[in-house]
Amino acid sequence: MSVVALTLRFFRRTLADRFAGSFSGGLWALFQPLLQLAITSFVFVHVFKARVPGTDTLGYVPFLAIALWPWTAFSEAVLRSTTVIQDNAALIGKVALPREVLVVASVATSFAIHMVGFVAIVLILAVTGQGIHLAGFVPAILLYIPLCALALGFALIFAAVQVFVRDLAQALGQVLSLLMFGAPVYYDRVQLPEQFRGWLDANPFTFYVESFRALLLDHGDISMPALGIAMTTTVAVLWVGHRVFRRLDAHFEDFL
Amino acid sequence: MSTPLIQTRGLGKSYPKVHRSSDRLRALGRLLFTGVDRDRISVLRDINLDVHRGESLALIGENGAGKSTLLKLITGVLRPTTGSVSVNGEIGALLELGAGFHPEYSGRDNIAMSATLHGLSGAELRKRLPEIIAFADIGRYIDEPVKHYSSGMVVRLGFAVIASLRPDLLVTDEVLAVGDESFQKKCVRWMTDYLDGGGTLILVSHSMYHAQKLCRHACWLRNGEVEMLGEVFEVTQAYLAFHERKLASAQPVHEVVAAQGLEFHLLELSLNGESRDTPLLLDRDATLCIQVRVHSRDGRVPVVVVGVVRADGTPIYGVSTDMDGCAPYRVGDEEYVGELEFGDLALLPGGYTVRAHPMDPEGVRLFDTMERSFMVRGATRELGFVRLAHRWIHDEAEKAS
Numbered sequence: 033m034s035v036v037a038l039t040l041r042f043f044r045r046t047l048a049d050r051f052a053g054s055f056s057g058g059l060w061a062l063f064q065p066l067l068q069l070a071i072t073s074f075v076f077v078h079v080f081k082a083r084v085p086g087t088d089t090l091g092y093v094p095f096l097a098i099a100l101w102p103w104t105a106f107s108e109a110v111l112r113s114t115t116v117i118q119d120n121a122a123l124i125g126k127v128a129l130p131r132e133v134l135v136v137a138s139v140a141t142s143f144a145i146h147m148v149g150f151v152a153i154v155l156i157l158a159v160t161g162q163g164i165h166l167a168g169f170v171p172a173i174l175l176y177i178p179l180c181a182l183a184l185g186f187a188l189i190f191a192a193v194q195v196f197v198r199d200l201a202q203a204l205g206q207v208l209s210l211l212m213f214g215a216p217v218y219y220d221r222v223q224l225p226e227q228f229r230g231w232l233d234a235n236p237f238t239f240y241v242e243s244f245r246a247l248l249l250d251h252g253d254i255s256m257p258a259l260g261i262a263m264t265t266t267v268a269v270l271w272v273g274h275r276v277f278r279r280l281d282a283h284f285e286d287f288l
Numbered sequence: 169m170s171t172p173l174i175q176t177r178g179l180g181k182s183y184p185k186v187h188r189s190s191d192r193l194r195a196l197g198r199l200l201f202t203g204v205d206r207d208r209i210s211v212l213r214d215i216n217l218d219v220h221r222g223e224s225l226a227l228i229g230e231n232g233a234g235k236s237t238l239l240k241l242i243t244g245v246l247r248p249t250t251g252s253v254s255v256n257g258e259i260g261a262l263l264e265l266g267a268g269f270h271p272e273y274s275g276r277d278n279i280a281m282s283a284t285l286h287g288l289s290g291a292e293l294r295k296r297l298p299e300i301i302a303f304a305d306i307g308r309y310i311d312e313p314v315k316h317y318s319s320g321m322v323v324r325l326g327f328a329v330i331a332s333l334r335p336d337l338l339v340t341d342e343v344l345a346v347g348d349e350s351f352q353k354k355c356v357r358w359m360t361d362y363l364d365g366g367g368t369l370i371l372v373s374h375s376m377y378h379a380q381k382l383c384r385h386a387c388w389l390r391n392g393e394v395e396m397l398g399e400v401f402e403v404t405q406a407y408l409a410f411h412e413r414k415l416a417s418a419q420p421v422h423e424v425v426a427a428q429g430l431e432f433h434l435l436e437l438s439l440n441g442e443s444r445d446t447p448l449l450l451d452r453d454a455t456l457c458i459q460v461r462v463h464s465r466d467g468r469v470p471v472v473v474v475g476v477v478r479a480d481g482t483p484i485y486g487v488s489t490d491m492d493g494c495a496p497y498r499v500g501d502e503e504y505v506g507e508l509e510f511g512d513l514a515l516l517p518g519g520y521t522v523r524a525h526p527m528d529p530e531g532v533r534l535f536d537t538m539e540r541s542f543m544v545r546g547a548t549r550e551l552g553f554v555r556l557a558h559r560w561i562h563d564e565a566e567k568a569s
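Chains as they are written, first to last, in our numbering: chain G, 33 to 288; chain F, 169 to 569.
Since the hints were made in silico from the structure, they are not lab data. Virtual Cβ for every residue (Gly too), placed ideally from N, Cα, C. Do not take every clue at face value.
DSS-like, lysine-lysine: derived pairs with alpha carbons at most 27 Å apart [to be verified]:
1. F:Lys295 to F:Lys353
2. F:Lys414 to G:Lys126
3. F:Lys295 to F:Lys354
4. G:Lys126 to F:Lys354
5. F:Lys381 to F:Lys354
6. F:Lys353 to F:Lys315
7. F:Lys381 to F:Lys414
8. F:Lys185 to G:Lys126
9. F:Lys353 to F:Lys381
The following residues of chain F were derived to be distant from chain G, with all beta-carbon distances above 12 Å [what the hints assert, rightly or not]:
10. Pro184
11. Ser224
12. Lys240
13. Pro248
14. Gly268
15. Leu285
16. Leu293
17. Val469
18. Arg498
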């Protein structure tokens, strides 16, 4: 069986599902991030008067936007993929297929949609002169690869476990929002009291937030050890995810 | 001998007992850390099956015997709990109505998904799509969501995909019967073509007629085990006979008269010289010789009645000595033997029972009853119990002569 063709087929189907019934179809993928950007910038800049500490040139809107889109892609990919096996119970019980395909397609869909949004946001910020370093654009896109792999690793674990323990998806929403506030998405590392800063590094997403900012906003920098740890974590999570999924895969239909 | 297309060895499947949600957690823990889960209900045990290329196998059995589970194991939808399945080819499965179709998507879209699931690449699919749509022949419905289809249209769509794929093995059941006349004809034509071209078929059927028509071999599954495996006629007949016996035993059994001490009672009933309890096996058109030994208390000559009934008790033929103006012969002071021979037994293959009774010389009172069963083997698709003497008229001229 051509796994690639199958993944593409499911990818297209999930993508179509996402926008099925909406008037604008795919346009919504572009429109939504813009709307979201407008709202967040209004709330944070005009209501909370938020600003990035230690700099006058960098506005809060690009600071937040550059971190928020990768996060949305990551968290949505993990959350949506968790129920993907359960949601396709009818298919799994009747047709033989490599089930990883469903998880891969689901993760890929979330990333595809939010990467389109990300590119659009970066371009808008660049055009409106918000201090975007376009030289960092290509590395930033490349940074999505390990991020996507990390999401896939988690998604494989959660999707497999969700078949057995249905409470997982419920709990995961809470855990993810905890993870978001536990990473410097809405704030900067230096705003945190000294003794808590080290904790940020325990969050696998911290590296990505800070790296995206370093690449596109020249805010902070990427340390080599942190990069090494992040890549090792990604590979480890992906490996564990693959093993867990393989082990439980044969028993899915017994518990669906 | 070539490697079989399908080979199963010690194949078994069991399901976990999941009553409460805590069971699920426990099962997850066991599976993750030890890879085994003990607390299970077994639905299929120790299946050893070889299906060779070009073979056609019917899978028969009662509901819950494990037929679907076996098919799902063969097609790879389920993973075996014990044993192994090896498959050396492409399998096309056409089982439940609309399995694998998504109701919200159009027929065209579902064809694409279904074909991809069967391993067709994008380029190949584009090439074959018109052919598939033409075969399904459902007109403008092809672009409507499948949820608006009639069941016949769903089957058309499913079959069209399989037909274009020409898998090495086709696994199907009576789902095809849903289609209308013209589509069924098309399916049968395709199937015959497919089988002639060396295709392999596994058919799950509750209709012995279909099984015998399309398959050469049959496998009878009972309570998750192979009860019988062999030539289709033999297996289907044994299966039918089993059902007839089951039906008969469900009916209240005649009270056996405590015959000893009565004026007449039976000593022995033997078929072709055998008086064992195991059923006698006969070939078609064989000779059946029935011998009835009767004890006569007063030494009077009894009337012997012999009847043949189907395994479920349906009477087929009965005759007595006095009807034919004969009498049993004497072998001792108080013992008589009635002997009857059916030459060229016209019974069709299946399970039967011979029943014998003694009656008083006046042919009024019936005393004892004894039964022996026998089976007629053979391959035929004729219907009913008995072959009636017949000939087909070939043309008008012959009719006139």
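Hints and how they fare:
For the hint linking Lys295 of chain F to Lys353 of chain F, the alpha-carbon distance of about 26 Å falls within 27 Å, and the restraint holds. Between Lys414 of chain F and Lys126 of chain G the CA atoms are separated by roughly 33 Å; this puts the pair beyond 27 Å, and the hint is violated. Distance check on the hinted pair: Lys295 of chain F and Lys354 of chain F sit about 22 Å apart at the alpha-carbon level, within 27 Å; holds. The straight-line distance between the Cα atoms of Lys126 of chain G and Lys354 of chain F is roughly 25 Å, inside the 27 Å bound, and the hint therefore holds.
For the suggested pair Lys381 of chain F and Lys354 of chain F, the alpha carbons sit about 17 Å apart, so the restraint of at most 27 Å is met. For a cut-off of 27 Å, the pair hint linking Lys353 of chain F to Lys315 of chain F stands: about 25 Å separates their Cα positions. For the hint pairing Lys381 of chain F with Lys414 of chain F, the CA-to-CA distance comes to about 25 Å; that is within 27 Å, so the pair holds. With a CA separation close to 21 Å, the supplied pair Lys185 of chain F and Lys126 of chain G stays within the 27 Å bound.
Of the supplied pair hints, the one linking Lys353 of chain F and Lys381 of chain F holds, its CA atoms being roughly 15 Å apart against a limit of 27 Å. Distance to chain G contradicts Pro184 of chain F as a non-interface residue, since its nearest Cβ pair spans about 5 Å, not more than 12 Å. Distance check for Ser224 of chain F against chain G: the nearest CB is about 22 Å away, which clears 12 Å, and the non-interface claim stands. Not every CB of chain G is more than 12 Å from the CB of Lys240 of chain F (nearest about 8 Å), against its label as outside the interface.
For Pro248 of chain F, the non-interface assignment is contradicted: its Cβ lies about 9 Å from the closest Cβ of chain G, within the 12 Å cut-off. Some Cβ of chain G comes within 12 Å of the Cβ of Gly268 of chain F; the nearest lies about 4 Å off, and the non-interface call is violated. In this structure Leu285 of chain F is not separated from chain G by more than 12 Å, as the shortest Cβ-Cβ distance comes to only about 6 Å. Annotated as non-interface, Leu293 of chain F brings its C-beta within 12 Å of a C-beta of chain G; the closest such distance is 8 Å.
Against chain G, the non-interface label of Val469 of chain F holds: every CB pair exceeds 12 Å, the least being about 70 Å. With a cut of 12 Å on Cβ distances, Arg498 of chain F stays outside the contact zone with chain G, its closest approach being about 70 Å.
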